[in-house]
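Participant: Take a look at the letters that make up each chain.
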Amino acid sequence: MRIVVAEDLYLLRDGMVRLIEAYGHQVVATAATGPETLDALLTWRPDIAVVDVRMPPTQSDEGLRVALAARSELPGLPVLILSQYVEQLYARELLADGAGGIGYFLKESVFDGDQFIDALERVAAGGTAMDPAVIAKLLSSGSSYRRLERLTEREHSVLGLMAEGLSNQAIGRRLFLSESAISKYTTSLFGKLGITDDDNNNRRVLAVLTYLNNP
Amino acid sequence: MRLLGSWPARVGVGFVRACVVTVVTMLVPAVWAAAVALGIWWGAGNPWSWVAPVVLVCGSTLVLSRPVCRMVRFLVARWTATVIPAGYRQAGPVTRMSTGYWWNGFSYERTRRDALLDQKWRVRWSDPANWRDLRFTVIAPLTAGLVASLPPTGVAVAILGLGRPGPAARVVGALGLVVAVAGAPYAWRCVEPVAVRFLRPSPAMALADRVDELTAQRADATVAQAAEIRRIERDLHDGAQARLVGLGLSLATAEKLLETDPDQARTLMREARAGATASLTELRELVQGINPPVLNDRGLIDAVRALALDSPLEAAVSADLRLSLDPSIESALYFAIAELLTNSVKHAGATRARISITQDDTGIVIDVEDDGRGGAVLRADGGLAGLCRRLAVFDGTLEITSPEGGPTRVRMMVPCESL
Chain Y
1 MRIVVAEDLY
11 LLRDGMVRLI
21 EAYGHQVVAT
31 AATGPETLDA
41 LLTWRPDIAV
51 VDVRMPPTQS
61 DEGLRVALAA
71 RSELPGLPVL
81 ILSQYVEQLY
91 ARELLADGAG
101 GIGYFLKESV
111 FDGDQFIDAL
121 ERVAAGGTAM
131 DPAVIAKLLS
141 SGSSYRRLER
151 LTEREHSVLG
161 LMAEGLSNQA
171 IGRRLFLSES
181 AISKYTTSLF
191 GKLGITDDDN
201 NNRRVLAVLT
211 YLNNP
Chain D
1 MRLLGSWPAR
11 VGVGFVRACV
21 VTVVTMLVPA
31 VWAAAVALGI
41 WWGAGNPWSW
51 VAPVVLVCGS
61 TLVLSRPVCR
71 MVRFLVARWT
81 ATVIPAGYRQ
91 AGPVTRMSTG
101 YWWNGFSYER
111 TRRDALLDQK
121 WRVRWSDPAN
131 WRDLRFTVIA
141 PLTAGLVASL
151 PPTGVAVAIL
161 GLGRPGPAAR
171 VVGALGLVVA
181 VAGAPYAWRC
191 VEPVAVRFLR
201 PSPAMALADR
211 VDELTAQRAD
221 ATVAQAAEIR
231 RIERDLHDGA
241 QARLVGLGLS
251 LATAEKLLET
261 DPDQARTLMR
271 EARAGATASL
281 TELRELVQGI
291 NPPVLNDRGL
301 IDAVRALALD
311 SPLEAAVSAD
321 LRLSLDPSIE
331 SALYFAIAEL
341 LTNSVKHAGA
351 TRARISITQD
361 DTGIVIDVED
371 DGRGGAVLRA
381 DGGLAGLCRR
391 LAVFDGTLEI
401 TSPEGGPTRV
411 RMMVPCESL
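One line per chain: the protein sequences are Y and D, in this order. Take the first sequence: its letters are residues 1 to 215, numbered as in our numbering. Take the second sequence: its letters are residues 1 to 419, numbered as in our numbering.
Next comes chain Y alone, as it looks inside the complex (with noise of 0.2 Å):
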């Protein structure tokens, strides 16, 4: 894969770049500032993006707002927000625009390399990933955690990882439960939130966090 990072911490940039180049993609150019950002994204138009929220020169939220930015001029394009802090209403508005391609997830993150390059690959594929933190804030806030009393605490955690952007194949691996179990689940509870399963499984993702995030 092609991929742009943009962090405007040195340290963290140089180990990203490592990280990634170690798991044999290709780091095509890094960014420190928004709108070096933006450049970037527009001139390289990679694979993936990893934009860092806080950046040069308002240090503000100066990452998503280029990432929104750039996904208005090439639609679709696959970014994965990295973050101090992670916020619900940041997520709501990268998924907004209902097109996938998305990741928002907490720096430590890319601690567990395996992982973080497994949500690389499936947002640049053009799925979606969450951060388990961004998923835990959304499953017990106000609206969401009084719909979502009527499922089976397995359904729930189900639910979960399915938010956070994994197949049935990987829910089962993180569960120590088979692929066909797993689909069991996701029946029962696609029919008790009466949200229509979808066999893609990155339309069903969006369907899931477009539940959760309706108030």
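Hints were generated in silico from the structure; no laboratory data involved. Backbone N, C-alpha and C define an ideal beta-carbon position, used for all residues, glycine too. Hints may contain errors.
Listed next, the stretches of chain D that the computed footprint assigns to chain Y, with coverage defined by at least 3 CB atoms under 8 Å from CB atoms of chain Y [to be verified]:
1) 279–290
2) 307–313
Okay, derived cross-link-like pairs now, SDA-like style, lysine to any residue, Cα gap no bigger than 20 Å in a straight line [claimed, not checked]:
3) Y:Lys107 to D:Arg243
4) Y:Lys107 to D:Ala272
5) Y:Lys107 to D:Asn291
6) Y:Lys107 to D:Val287
7) Y:Lys107 to Y:Leu94
8) D:Lys120 to D:Ala91
9) D:Lys346 to Y:Gly142
10) Y:Lys107 to D:Ala240
11) Y:Lys107 to D:Leu286
12) Y:Lys107 to D:Arg270
13) Y:Lys137 to Y:Glu149
14) Y:Lys107 to Y:Ala32
15) Y:Lys107 to Y:Tyr10
16) Y:Lys137 to D:Asp302
17) Y:Lys137 to Y:Leu95
Following the hints, position chain D against chain Y.
Facilitator: Only chain D this time, still in chain Y's reference frame:
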């Protein structure tokens, strides 16, 4: 019909009030008149016979001015609901020094009783309000006193006039009665504007009060800030710092074991990674408590929206704010709203909340309403009182209505001048 029916009552009440105003305001001039009469009686020619009356006039004016003013303030508040702040200087605390002497803010005294007495007199005689009171005791009889004395004078004229033979005397008497009856409901009212104009605290006194208020607030803010810094220090010391030490230890041990026991080394490194994640989580929570990043990124409204999204309540946010606020005010308001939402969940058992942030001519108004069980009260050492104190730094106020059974409504206001 009602008007006619209540008319005699209004005349009666007005007459009594006019008499009261006359007596109160004319008290000091009456003493003066008595002193002059005394001087004349003792012998107008001898200058020494005037010493006692002059002392009497000065002394009585000084002693009576404050009670007269208090009385007028009381009457105005009682009859018209116009409350005029007195603005007298308040005595400070009397403290015992390590030497055993008592300090009252002015001097050292041997006993507490002496210190209090000394303080009382000093506060009384150095109070700038004395000049205002003296001015009022002179102005009031000439204005409100004169007008209020019309009905009693009219009655006196009527009694004298009607009691004498002759048509001229009767006409004068009847006129007096008409003046008394017609003027009674209105004559006393003159005391209100006069009192409001001349009895309110002078700008200097208002400033002195403001200085006291700000001094108290500054002390509060300093204490709160110091406590906050101590909390951050403690959190860093017990949390992140300790974890980083553990991390270093694990890595050092892993390095040693790399040759001899690679499996053990791998376990230790995995632990180190988990430790790093845990300390990041802790640091994130700490930062969230100091200055939430989303507040820095997006400002108050989006930060409150983010707060509402994360809250276990179904919280709706409506906002209409054109001003950009100072970061310190944004932060104070953000944490105030966060605390109110936490209260709604923890104490009121609410499931829904509504937050509205608006702006009007006077300042910012924030309403937070929940559907909980209510019964929230402002206690001196409670969380809500702390909230009030933090808002007071910006002259902000907090009103709470929380009947038993709910719902709880809290309104916070910060005036424009502070923005």
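Participant: Next, verify each hint and record whether it holds.
Facilitator: Hint check:
Counting residues of the segment 279–290 of chain D whose C-beta sits closer than 8 Å to any C-beta of chain Y gives 4, which meets the bar of three, so the coverage hint holds. Residue count for the segment 307–313 of chain D with a Cβ under 8 Å from a Cβ of chain Y: 6. That meets the three needed, and the coverage hint holds. Straight-line distance between C-alpha atoms of Y:Lys107 and D:Arg243 comes to about 18 Å, which keeps the hinted pair within the 20 Å bound. For the proposed pair Y:Lys107 and D:Ala272, the alpha carbon gap of about 16 Å is at most 20 Å, so the pair holds.
For the given pair, Y:Lys107 sits about 19 Å from D:Asn291 by alpha-carbon distance, which is consistent with the 20 Å threshold. This hinted pair checks out: Y:Lys107 and D:Val287 have alpha carbons roughly 15 Å apart, not beyond 20 Å. Restraint check for Y:Lys107 and Y:Leu94: the C-alpha separation of about 17 Å stays at or below 20 Å, so the hint holds. With a CA separation close to 7 Å, the supplied pair D:Lys120 and D:Ala91 stays within the 20 Å bound.
Proximity of D:Lys346 to Y:Gly142 is assessed by CA-CA distance (about 14 Å); at most 20 Å being required, the pair is judged to hold. Only pairs whose Cα atoms come within 20 Å are accepted, and Y:Lys107 paired with D:Ala240 is accepted, the gap being roughly 17 Å. For the given pair, Y:Lys107 sits about 17 Å from D:Leu286 by alpha-carbon distance, which is consistent with the 20 Å threshold. For the hint pairing Y:Lys107 with D:Arg270, the CA-to-CA distance comes to about 17 Å; that is within 20 Å, so the pair holds.
For the hint linking Y:Lys137 to Y:Glu149, the alpha-carbon distance of about 15 Å falls within 20 Å, and the restraint holds. Under the criterion of a C-alpha separation no larger than 20 Å, the hint pairing Y:Lys107 with Y:Ala32 is consistent with the structure, at around 16 Å. For a cut-off of 20 Å, the pair hint linking Y:Lys107 to Y:Tyr10 stands: about 14 Å separates their Cα positions. Under the criterion of a C-alpha separation no larger than 20 Å, the hint pairing Y:Lys137 with D:Asp302 is consistent with the structure, at around 17 Å.
Between Y:Lys137 and Y:Leu95, the direct Cα distance comes to roughly 16 Å. Compliance with the 20 Å bound is thereby established for this hinted pair.
The structure shown violates none of the earlier numbered hints.
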